[in-house]
Amino acid sequence: MNATSEARAPLLEVTGLAVSFATESALISAVTDVSFKVGDGEIVSIVGESGSGKTAALLGILRLTDRRNTKIEGSVTFRGRRLLDLPEREMRRIRGREIGFISQNPMTALTPVHTIGWQIEEQIRVHLNLAHAVARRRATELLDEVGLPNPAKALDLYPHQLSGGMRQRAVIAMALSCNPSLLVADEPTTALDVTVQAQVLELLRRLRLNFGLSIILVTHDLGVVDEMADRVLVMYAGRVVERAPADLIFEDPWHPYTWGLLASIPPLHGERPARLAAIPGTPPVPTDLPKGCHFAPRCRFRFAPCAETPPRQEDGEHAALCFIDPSGRPRLRAQVLNPSSGQAA
Amino acid sequence: MIAVIVPRIAQMLFVMFGISVVVFLIFFATPGADPSARIAGRNATPETLEAVRKDFGLDRPLPVQYALLMKRLFVTADLTSFANRGQRVIPQIMDAAPITLALVLGAAVLWVVGALVLGVVAAASRDTILDKGLMALALIGVSMPVFWFGEVMNLLSQSRLHDTILFSWVPSLGYKPLSDGFAPWFKTLIIPWFTLAVLYIGIYARVLRANLVETYHEDFIRTARAKGLGPLRIMLRHALRPSLIPFVTMFGLDFGALVGGAALLTEVVFGLNGIGRLTYVALQSLDLPVILATVMYASFFVVAANALVDIAYVGLDPRVRSGG
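Here the protein sequences line up with chains G and X, keeping their order. Just so we're aligned, residue 1 is where the first sequence starts under my numbering, counting upward by one. Just so we're aligned, residue 1 is where the second sequence starts under my numbering, counting upward by one.
Do not rely on the hints blindly, as some may be mistaken.
Residues on chain X that point at chain G, a partial pick, calculated with CB under 8 angstroms [stated by the list, open to error]:
1) 71
2) 124
3) 125
4) 127
5) 227
6) 242
Partial selection, computed: residues in chain G whose CB lies under 7 angstroms from chain X [stated by the list, open to error]:
7) 15
8) 64
9) 65
10) 95
11) 96
12) 97
13) 103
14) 109
15) 111
16) 123
17) 248
18) 250
Computed footprint of chain X on chain G; a stretch qualifies when at least three of its residues, placed anywhere within it, have a C-beta under 8 angstroms from a C-beta of chain X [stated by the list, open to error]:
19) 39 to 48
20) 320 to 334
Hint data in this document are derived by calculation from the structure and do not stem from the laboratory. In this text, a Cβ means the ideal position worked out from N, Cα and C, and glycines have one as well.
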């Protein structure tokens with residue numbers, strides 16, 4: 001932190017992250033060669049279908065996978081410290097204190113036998129060595145901050161006494177309890193009602209504004225990306241197939257998989273199509289990945305070269321793994337995103 | 001809390017009443033059998049049969065017979081045996097119950113503590129050599145029959161190794177009441193406690209380990225790790241309590257059954273004249289009043305132990321509290 005060379009270094013830098021799980025028969029690779037940076041106050045979104053390795057990548061960064069059967073490779077640098085090389089003890093001091101974690105399902109994310117207040121206080125006291133009364137006051141403030149009505153009373157409620165949205169707020173309050181600089185959220189709104197989703201996203205945006213939080217937001221919902229993200233990684237079968245600043249993902253997407261994702265959500269503006277397009281097929285299972293481009297079997301534009309590993313096309317911050325030539329890209333893309341005009345042309 | 005306990009106790013009393021009715025009907029209203037002949041025992045004279053009929057009011061309607069029996073069991077406590085002429089039944093049970101209770105309570109403390117330690121250590125070190133070793137040990141404990149293990153303990157402590165420093169403190173078989181002093185009481189019971197507990201330590205440790213391993217797959221354990229908590233804290237404050245429900249359920253059933261007479265083998269091997277042995281002897285001489293009383297006593301204990309277990313759930317799991 002004192003070194004001038006680190007002054008401009010990003011908060012978190014992930015390089016060549018690979019996560020693989022050992023099973024009885026084989027080593028399954030869930031995440032391959034994931035690299036990205038998160039700057040101060042930035043929201044980076046990781047998008048992809050279920051099973052694309054989004055969650056595994058997050059758990060790998062935090063080293064929350066089961067140590068006995070997981071291999072994490074690459075490098076993760078957080079505030080100048082290489083997380084993958086830290087002893088577990090040091091890592092524990094970073095988890096919960098400097099990096100907050102929000103899991104996907106608020107219904108099961110809290111220990112059922114302790115009150116909300118107890119669980120928040122526990123985290124505060126483990127990291128900050130505060131007196132019970134001080135920790136409790138802080139917990140009340142946090143619950144108030146995340147918009148839980150009657151926070152003093154909510155402290156003494158058990159998780160099952162709160163609705164899903166309220167539980168997710170409590171989980172967020174807990175993640176924030178030690179003033180982390182990075183929040184890692186694994187599909188924080190997937191399990192929630194649409195109206196509650198909007199409230200939780202609004203809350204996250206406000207927290208970024210008020211506390212300068214950086215957020216890694218994993219989601220499969222491009223609507224969420226559009227509202228929240230500064231930069232986007234699109235993951236498919238454990239690889240980042242495209243990464244770009246958020247506006248470019250919507251204005252000039254490169255990868256056919258990204259086109260498919262975009263075509264499968266109702267447009268936010270303009271006329272709605274009668275039928276939303278779905279990407280045919282299902283994501284490959286990690287034990288049986290197709291050779292070459294992993295997306296090729298589901299890609300309507302595949303051609304002979306796709307049997308080989310696709311090259312990285314790069315233009316500044318925008319990159320994608322694909323064989324499609326930049327010159328032919330707009331025409332093909334139009335076939336997916338504007339099917340009516342595409343056919344006309 | 002009270003809102004859960006009061007109805008549960010009312011329910012318990014209702015079940016006890018139901019059991020007493022069923023037990024009564026089995027003994028006194030089985031079609032095609034004369035209850036007086038069975039109560040009087042083998043080769044009873046006609047005079048005895050007549051006395052039994054009069055004594056139990058068998059010439060009167062069933063509800064009256066039931067009320068009379070309950071009165072003699074619980075109010076006047078003067079139910080008498082005919083097989084062992086003139087022996088009062090209730091005092092026999094009152095003599096035997098403390099012995100069984102002392103045996104089972106002590107063993108229960110041992111097996112609960114032992115199983116908690118074993119289960120937690122095995123789950124914490126799951127899939128390592130330590131875990132596998134402990135679980136193999138537990139399996140051996142489960143597999144050893146209590147009568148064999150008890151006799152081996154007796155052979156070692158009373159005979160082969162009795163003169164060595166290891167077992168010279170062991171008193172002769174039999175029970176010494178607590179009123180004779182704590183030390184002799186304690187010494188006579190150590191080996192029976194251990195013998196009875198070994199089986200249950202094995203079962204309970206294995207069940208607890210399995211439940212803990214399952215709980216470790218829950219999201220909230222991942223949350224706890226993401227909070228930066230240490231492994232010991234996660235185990236004791238987050239994983240253990242939600243994993244204890246099956247443990248407590250089994251404890252209620254086993255404890256009730258053991259106090260109700262299922263500790264028979266241990267009692268016989270160590271010469272402890274408890275409820276199990278009393279029932280066993282009564283069965284041999286077909287002493288029906290004693291059997292009836294012990295059956296009633298045993299079932300009441302099972303019911304009461306289960307009521308206590310349900311109340312313990314309330315302490316363990318807050319979801320039961322509001323749900324009840």
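Going down the list of hints, with the structure as the test:
1. Hint on residue 71/X is violated. Least Cβ distance to chain G is approximately 46 angstroms, over the 8 angstroms limit.
2. Taken as an interface hint, residue 124/X does not check out: its beta carbon lies about 12 angstroms from the nearest beta carbon of chain G, beyond 8 angstroms.
3. At about 11 angstroms, the closest approach between the beta carbon of residue 125/X and any beta carbon in chain G exceeds 8 angstroms, and the interface hint on this residue is violated.
4. Checking residue 127/X against chain G: minimum C-beta separation of about 7 angstroms stays under 8 angstroms; hint holds.
5. Because the closest C-beta pair between residue 227/X and chain G is about 4 angstroms apart, less than 8 angstroms, the hint holds.
6. For residue 242/X, the suggested interface contact is upheld, since its CB lies about 6 angstroms from the closest CB of chain G, less than 8 angstroms.
7. Because the closest C-beta pair between residue 15/G and chain X is about 22 angstroms apart, greater than 7 angstroms, the hint is violated.
8. For residue 64/G, the interface hint holds, since its Cβ comes within 7 angstroms of a Cβ in chain X; the closest pair sits about 6 angstroms apart.
9. Hint status for residue 65/G: violated, given a least beta-carbon distance of 10 angstroms to chain X, over 7 angstroms.
10. Checking residue 95/G against chain X by beta carbon gives a least distance of about 4 angstroms; that is within 7 angstroms, so the hint holds.
11. Below 7 angstroms, beta-carbon pairs count as interface contacts, and residue 96/G has one with chain X at about 3 angstroms; its hint therefore holds.
12. For residue 97/G, the interface hint holds, the least distance from its beta-carbon to any beta-carbon of chain X being 6 angstroms, beneath 7 angstroms.
13. Taking 7 angstroms as the C-beta cut-off, the interface hint given for residue 103/G holds, the closest approach to chain X being about 6 angstroms.
14. Of the supplied interface hints, the one on residue 109/G holds, with its beta-carbon coming within about 5 angstroms of a beta-carbon of chain X, less than 7 angstroms.
15. Nearest Cβ of chain X to the Cβ of residue 111/G: about 5 angstroms, under the 7 angstroms cut. The hint holds.
16. For the restraint placing residue 123/G at the interface with chain X, the shortest Cβ-Cβ distance is roughly 5 angstroms, inside the 7 angstroms limit, so the hint holds.
17. Residue-level restraint check for residue 248/G is violated (minimum Cβ-Cβ distance to chain X is 32 angstroms; threshold 7 angstroms).
18. The interface hint given for residue 250/G is violated, since its Cβ lies 31 angstroms from the closest Cβ of chain X, which is over the 7 angstroms cut-off.
19. Evaluation of the coverage hint for the segment 39 to 48 of chain G: breached, as 0 residues show C-beta separations to chain X shorter than 8 angstroms, against a requirement of three.
20. Note: the segment 320 to 334 of chain G has 0 residues with beta-carbon separation from chain X under 8 angstroms; the three-residue rule is not met and the coverage is violated.
Consistency note: the structure conflicts with the earlier hints numbered 1, 2, 3, 7, 9, 17, 18, 19, 20.
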